[in-house]
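Chemist: Chain by chain, the residues:
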Amino acid sequence: MGRTRRVKMDLKKIKSDIEAAIPGCRVQLVVNGSPSGQHSLLLDREHALEVAKFLRDDPGLHLDYCSNVTGVDWLDTETSEKVKVKQLVEGVEQEVEEVRKTRTPGYLECVYHLYSMEKKHGPLVLRLRTRNRTDQITLPSFTPIWRSAEFQEREIFDLYGIVFEGHPDLRRILMWDEFEDHPMRKDYVEPNDYEYEPTPHDAVLEKSRQARAIEGQG
Amino acid sequence: MAKGHLNLGVTISWLTQNFLDCVQPSRVASGTVKMDPDLKIELGRQGIFTTTLEELYNWGRKSSVWPLTFGLACCAIEMIATTMARYDLARFGAEVFRPSPRQADLMIVAGTVTKKMAPQVVRLYNQMPEPKYVIAMGACAISGGPFKQGYNVLKGIDRYIPVDVHIPGCPPRPEALMDAFITLQKKIEAQSLTGAERPRHLNADAPSEFVVPQYGAHDLEPAKNVKLWNIIYKTAANGPNTTGEDGPEKD
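Residue numbers (our numbering), protein chains in the order written: chain Z, 1 to 218; chain U, 1 to 251.
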């Protein structure tokens, strides 16, 4: 008897299994370079629900337990690189350094951690990404596959603003219904109520100054 | 005892001199009737119990302050511990925790007040009949505590309702809550029933209900009760070292 050792998931095999079972779906292996080495699978939005169903029902995998759902906000990133370009300067061809900026649009990401109670393996980490951070922010809901995702998807809807299609009861769960912002987004601006700060310092000192300036006007 | 005996002769002669004052007590400027406390003690030694309506009334009020059964977070566990046998808040007359705000005198705001919870807290306070008192228990209830820089926690319940006693601590120990309770009893005891300083329930002009904040698009609306805020923080906000700019060398 003794303790059953948890088997680490063979992501490459799972990836090929998924691709064999669901034609046309695109699965990408997202490598985690940290010592934990917890790599994950990035699914495409169109086939995600089918893939989830496959992962749950496949007799070899049988991932019957979704332990955790979380959101990540990835801002637009701008990378600049210096490139040497040949240019004509005063009739003479010279090599000139040019800075090229590439802008990668941001997206909202949803991460699922799946385990199998029966097979005692896991976690399998799934990722889903929205098209952007502003208007195309829908992802398929996995609540019909794993009931445990219901409240966590509601929380992600509340705090990150990802809209889950197919969720049975998509309402805010922590903030009130009239609230419009998504506080866990990186560009969230919190209300300034730092008018009274007995011992402000650092970030609070700055906020306190702003609040008192507004207070002074009002 | 020895000291008391030595002083007795002196006090009695003094007593006879002041006895007329006792029968016809001198009126203080505020309109309240005050009796010399030494005289009262001395009369007590002679077997004469004297009191005033004000004292009797306040003694009754302070000795049976019924708190509302109301807890918000971990401080509530300490509040419960305070009422149990080991600390026994019943010794101070507060053993009856009322499950209805209509029957409660004291609201112990025990724990983090989230912005989502704040309207309900204010509404419960409004539903309590006068005279009513508030103890803000713990770092969160008095200022937001460790969650102060979060988006979802109210930075002190005194933004919406008047607080009589603030207790710091995270959470405060039962002794701290008992100290706050005794402080509140002292406050009740010292309240005069007439004059400008009379408590709210005897002043028809003083507000008994406070504005219940509404859920807004970005924050609670209003973000604070401005009238209440001005009373509480006007002196504090104008005081030294509130912005961190004025060091002690400037003063």
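It should be emphasised that the hints constitute simulated quantities derived from the structure, not laboratory data.
No residue lacks a Cβ here, since even glycine has one placed at the ideal position from N, Cα and C.
Take these hints with a grain of salt, some might be off.
[What the hints assert, rightly or not] Here are the simulated DSSO-like cross-link-like pairs (lysine-lysine), alpha carbons at most 30 Å apart as the crow flies:
# : chain 1 : residue 1 : chain 2 : residue 2
1 : Z       : Lys207    : U       : Lys227
2 : Z       : Lys186    : U       : Lys227
3 : Z       : Lys207    : U       : Lys148
4 : U       : Lys116    : U       : Lys148
5 : Z       : Lys82     : Z       : Lys53
6 : Z       : Lys207    : U       : Lys116
[As the list claims (entries may be wrong)] Facing chain U, according to a computed beta carbon distance under 7 Å, are these residues of chain Z, among others:
#  : residue
7  : Trp176
8  : Glu180
9  : Pro183
10 : Asp193
Chemist: Kindly indicate which numbered hints from before are broken by the structure, ordering the numbers from low to high.
Modeler: 2 and 5
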